[in-house]
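> First to last, the protein sequences are chains W and D.
Numbers 1 to 100, taken from the numbering used here, label the letters of the first sequence in order.
Numbers 101 to 285, taken from the numbering used here, label the letters of the second sequence in order.
Mixed in with the good hints there might be a few duds.
[Claimed, not checked] According to the in silico footprint, chain W covers these stretches of chain D (three or more CB under 8 Å from chain W):
#1 110 to 120
#2 132 to 138
#3 150 to 159
#4 206 to 212
#5 254 to 261
[Said to hold, decoys possible] Cut-off 20 Å, straight-line C-alpha distance, at most; resulting in silico cross-link-like pairs (SDA-like, lysine to any residue):
#6 D:Lys281 x W:Leu79
#7 W:Lys87 x D:Val201
#8 D:Lys132 x D:Val201
#9 D:Lys281 x W:Gly100
#10 D:Lys132 x D:Leu182
By construction, these hints were calculated from the structure, which means they are not laboratory data.
Keep in mind that this is a model prediction, so the values were computed, not measured.
The beta-carbon is built from N, C-alpha and C at its ideal position, and this holds for glycine as well.
Each chain, written out:
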Amino acid sequence: MPSPNFALVLSFLLFSIGILGVLIRRNALIILMCVELMLNAANLNLIAFARHSGTVGGQAFALLVMGLAAAEVAIGLALVVALYRRKETVRVDEIDLLKG
Amino acid sequence: MMHELFATPMGALFTIFGVMSLIGALAMVFSKNAVHSVIGFLFTMLSIAACYLCMEAEFLAMAQVLVYAGGIVVLFLFVVMLVELSKRKDGRANDRGAMAVVLPLVALLAAAFGAVFGGICFARGADQALNLPPDLAQGMDVAGHNAQAISRGLFAGYLLPFEILSVILLVALVGAVVLAKTERV
Numbered sequence: 001m002p003s004p005n006f007a008l009v010l011s012f013l014l015f016s017i018g019i020l021g022v023l024i025r026r027n028a029l030i031i032l033m034c035v036e037l038m039l040n041a042a043n044l045n046l047i048a049f050a051r052h053s054g055t056v057g058g059q060a061f062a063l064l065v066m067g068l069a070a071a072e073v074a075i076g077l078a079l080v081v082a083l084y085r086r087k088e089t090v091r092v093d094e095i096d097l098l099k100g
Numbered sequence: 101m102m103h104e105l106f107a108t109p110m111g112a113l114f115t116i117f118g119v120m121s122l123i124g125a126l127a128m129v130f131s132k133n134a135v136h137s138v139i140g141f142l143f144t145m146l147s148i149a150a151c152y153l154c155m156e157a158e159f160l161a162m163a164q165v166l167v168y169a170g171g172i173v174v175l176f177l178f179v180v181m182l183v184e185l186s187k188r189k190d191g192r193a194n195d196r197g198a199m200a201v202v203l204p205l206v207a208l209l210a211a212a213f214g215a216v217f218g219g220i221c222f223a224r225g226a227d228q229a230l231n232l233p234p235d236l237a238q239g240m241d242v243a244g245h246n247a248q249a250i251s252r253g254l255f256a257g258y259l260l261p262f263e264i265l266s267v268i269l270l271v272a273l274v275g276a277v278v279l280a281k282t283e284r285v
């Protein structure tokens, strides 16, 4: 059985890659995917602690986070599609409607 | 540190799948083509599901595969196809080269899977009743109890968050339809 430390390190690395992607990519779709990756890293933490403590609350909460992630993707992709209709682009640096 | 990682079979599997998920995540962030990014995302999610399996969260591993590989990745692919490919028509130069790389790989994978499944399905005694070794049978028992334990925790301890999540999903459903529908057809 892996000790929770390894899960924490893996979760940290995945979360960092997610943040890196949000920061360096300009495609809105890939930014959304990176946000999903960060949610998954948090889930990994929850499950690691659930196993470590021998309780099931962490796993139940990870399931809730999964449902929330699905809702978030649906809304995010709908926003991307609406944006593409309006601006013909999904690059976030070309979306400057509020710039004035 | 390293020898502790590979001390148990589960630890070794966890390490391998963890490294695979990191590779997939890096491929997702750094690939130029959005479709390749989605494939990296899929790879990452499946590897994380395997990590859940190594941490005795069998139900969540299955839920991860169903929700991410079955739902979210397909949704992402739809939108990538809708948005990305319509403006870029000049990506035809190295199709043949990619094909030359991908086809042998797919053939190799298919051969490997075929050998494994063929060995399982057509082995001597494959049609007899399933007689699991005791440790594997215990693993399946734990899996059954895992789903039971999660449902008990979810519906006894976290009923209110669960109900709130169901309302959020409904709102997201309606919101996504409203946001993505065409203007006044």
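> It remains to establish, for every hint, whether it holds in the given structure.
The hints, checked one at a time:
Check on the stretch 110 to 120 of chain D: 5 of its residues sit with their Cβ under 8 Å from a Cβ of chain W, so the three-residue criterion for coverage holds. Under the rule that three or more residues need a Cβ within less than 8 Å of chain W, the assignment of the stretch 132 to 138 of chain D holds, with 3 such residues. Under the rule that three or more residues need a Cβ within less than 8 Å of chain W, the assignment of the stretch 150 to 159 of chain D holds, with 7 such residues. For the stretch 206 to 212 of chain D, the proposed coverage by chain W is not satisfied: 0 residues have a C-beta within less than 8 Å of a C-beta in that chain, short of the threshold of three.
Closer than 8 Å: that is the beta-carbon criterion, and the stretch 254 to 261 of chain D has 4 residues meeting it against chain W, so the requirement of 3 holds. Pair hint Lys281 (chain D) plus Leu79 (chain W) holds up; C-alpha atoms about 11 Å apart against a cutoff of 20 Å. Between the alpha carbons of Lys87 (chain W) and Val201 (chain D) the distance comes to roughly 37 Å, so the proposed pair goes past 20 Å and is violated. For the proposed pair Lys132 (chain D) and Val201 (chain D), the alpha carbon gap of about 18 Å is at most 20 Å, so the pair holds.
Between Lys281 (chain D) and Gly100 (chain W) the CA atoms are separated by roughly 27 Å; this puts the pair beyond 20 Å, and the hint is violated. Among the hinted pairs, Lys132 (chain D) with Leu182 (chain D) is consistent with the structure: their alpha-carbon atoms are about 17 Å apart, no more than 20 Å.
Checked against the numbered hints given earlier, the structure breaks hints 4, 7, 9 and satisfies all the rest.
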